[in-house]
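**Q** Sequence:
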Amino acid sequence: MGHIVKTPAGTYRANWRDAAGRQKAKTFRTKREASAFLAETEASLSRGSYVDPSAGRTKFSAYADRWLSSRSVEATTLAAWSSRLRSRLLPYWGGWQLGKIDHLAVQEWVTELGKQLAPATVASCFGLFSSILASAVRSRLIAFNPCEGVRLPAQRKRAGGVHTISQADLTGCLLPAVPEWHRPLVAAAAGAGLRWGECLGLRWGCVDLDASTMTVERVVIEVDGHLSDKPYPKSAKSRRTVPLAPFLEQELRRHRELVAHGPDNRVFTNYEGGSMLRSNFRRQVWRPSLVRAGLLGQVAESGPFKFRATWPDRDGVEWSAEFTTEREAVDCVATKAAGGLRFHDLRHCYATWLVSGGVPVNVVQAVMGHEQASTTLNRYTHTPADFHASVRRVFDGSADDPLTAEEDPQSDGKPIKDENSP
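In this note's numbering, the protein residues as written are 81 to 502.
These are computed hints drawn from the structure, not numbers from a lab. Values in this document were obtained by computation on a predicted structure and should not be read as measured data. Glycine included, C-beta positions come from ideal geometry on N, C-alpha and C. Warning: the hint list may mix true and false statements.
[As the list claims (entries may be wrong)] Cβ-Cβ distance ranges computed for the label pairs, FRET-style: (1) C286 <-> G374: 33 to 43 Å; (2) G374 <-> R334: 19 to 29 Å; (3) P323 <-> D145: 41 to 51 Å; (4) S149 <-> R334: 43 to 53 Å; (5) Q330 <-> V439: 19 to 29 Å; (6) V439 <-> R218: 43 to 53 Å; (7) K317 <-> R394: 30 to 40 Å; (8) S204 <-> S454: 18 to 28 Å.
Given only the sequences and the hints, what does the whole structure look like? Please build it.
**A** Here it is as C-alpha cells:
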C-alpha cells in the first residue's frame with residue numbers, strides 16, 4: 081500500500097511501489113492532491129494499466145530508434161520507414177518527450193504537413209508515427225496514443241491519376257517503340273500482369289512456352305540502389321502460374337534466341353547480363369519509348385536537321401524546343417514532360433482488359449496474385465474508355481430483359497425468346 085508523508089518544506093510526498101516492486105515517489109503541494117494521485121496510481125496498478133510518471137520523459141528520437149531496430153520486416157519496408165523517419169518525423173518530433181506529445185500537437189503537425197505534401201504521403205507519415213506511439217503505449221511509457229482521433233486530409237483521386245491504354249495501342253504503338261532487348265520485359269507486365277520485381281526475378285526454368293504459361297516464384301528487390309534476390313514473392317497468393325498473352329509468347333520465343341543464358345538463367349537482364357536498376361530503366365528505356373510511341377509529349381520533324389520537341393509541365397503549360405537530332409528531342413521530352421504512363425500501369429491495364437473482357441473476378445484475382453478480390457476490383461481495374469457504348473447496349477433493345485422474358489412451362493422456369501423477336 082502507498083502512503084503519504086509531509087516534507088520539511090511543507091509539501092506532501094506520495095510513496096508507492098510499481099509493478100516491479102521498485103519504490104516510487106512524487107511530491108504535491110497539498111495532501112488532497114497527493115491522496116488523489118495515490119488512489120489513481122493504486123487503481124491503475126490493480127487494473128494492470130499502470131504507467132510510470134517518469135517514463136514519458138523518454139525522447140521520441142531515442143524510442144523511435146529502438147522501435148525501428150526491433151522490427152522484423154522486408155528490407156524495402158525498413159528502407160521506406162527509415163526514410164520517413166529521417167525526413168519527416170525526427171526533424172519535428174525528435175526532441176519531444178513522449179509524455180509531452182498531445183492530441184492537439186499531432187493534429188497541428190498533420191495539418192501543416194497537408195499544406196506541403198499529398199494526402200497519401202501525409203497518411204503514410206502519420207501511420208508510421210501512430211505505430212511508434214502505439215508501441216510506446218504497450219511498453220507502458222505513455223498512457224494513451226495521442227494519434228487517436230486525428231483527422232487526416234481527404235484523399236481524392238485526381239483525374240488521370242492512373243493511365244491505361246488499349247491493347248491496340250500496346251501492340252501497335254508502345255511495343256514497337258521499345259528497344260528489342262527490353263521489349264519482352266514490357267510485354268510481361270502487360271501480357272501477364274507481372275510486377276517489376278517479379279519480372280527481374282523470372283527464370284527461364286519457370287517459363288513453359290509449349291504450355292504457354294509462366295510461374296512466378298521469386299522476385300528481385302531494390303533498396304538504395306542495391307539489388308538482391310528474394311526466393312519468394314510478395315505474398316502466398318503471389319506465387320502463381322499465369323497464361324501468356326499471344327504477343328508475350330511471341331516476344332519470349334524471340335528473346336530466348338537473342339539472350340545468352342547466364343549461370344542464374346534470368347529472363348530479363350541489362351545488356352551485360354545483370355539485373356537492371358529501376359531508375360535506369362525508367363530514364364534510359366521506358367520514358368523515351370513512350371515519347372517515340374506518341375504516348376508522352378510530341379516530337380515532330382520541322383525541317384532539315386530540325387526536330388521540335390513539345391511537352392507539358394506539371395501545371396499543364398506546354399513547352400517546346402528545337403534540336404538538330406531526333407534523339408536529343410526525344411530525350412528532352414522524356415526528361416521534362418510531366419505525367420505519362422508508368423511501367424506499373426501496365427499491370428493496371430492487364431487487369432482492366434481481363435475484367436472488361438468478361439473474365440470472372442476470382443480468376444483475375446488468381447492471375448494477379450492478390451490475397452483479396454476487393455484489391456483486384458478497387459485498385460487494379462479501371463473504367464474502360466468505351467464504357468458509354470457498353471451501358472447504352474443494355475437499353476438499345478438488342479438484349480432481352482431477363483425480368484420480362486416469357487417462360488416456357490416445359491423449361492423449368494428458364495426464360496425463352498419469342499420466335500418473332502429479333
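**Q** Please go over all the hints and tell whether each is borne out by the structure.
**A** We went through each hint and held it up to the structure:
| no. | hint | in the structure |
| --- | --- | --- |
| 1 | C286 <-> G374: 33 to 43 Å | holds (34 Å) |
| 2 | G374 <-> R334: 19 to 29 Å | holds (24 Å) |
| 3 | P323 <-> D145: 41 to 51 Å | holds (48 Å) |
| 4 | S149 <-> R334: 43 to 53 Å | holds (48 Å) |
| 5 | Q330 <-> V439: 19 to 29 Å | holds (21 Å) |
| 6 | V439 <-> R218: 43 to 53 Å | holds (45 Å) |
| 7 | K317 <-> R394: 30 to 40 Å | holds (36 Å) |
| 8 | S204 <-> S454: 18 to 28 Å | holds (21 Å) |
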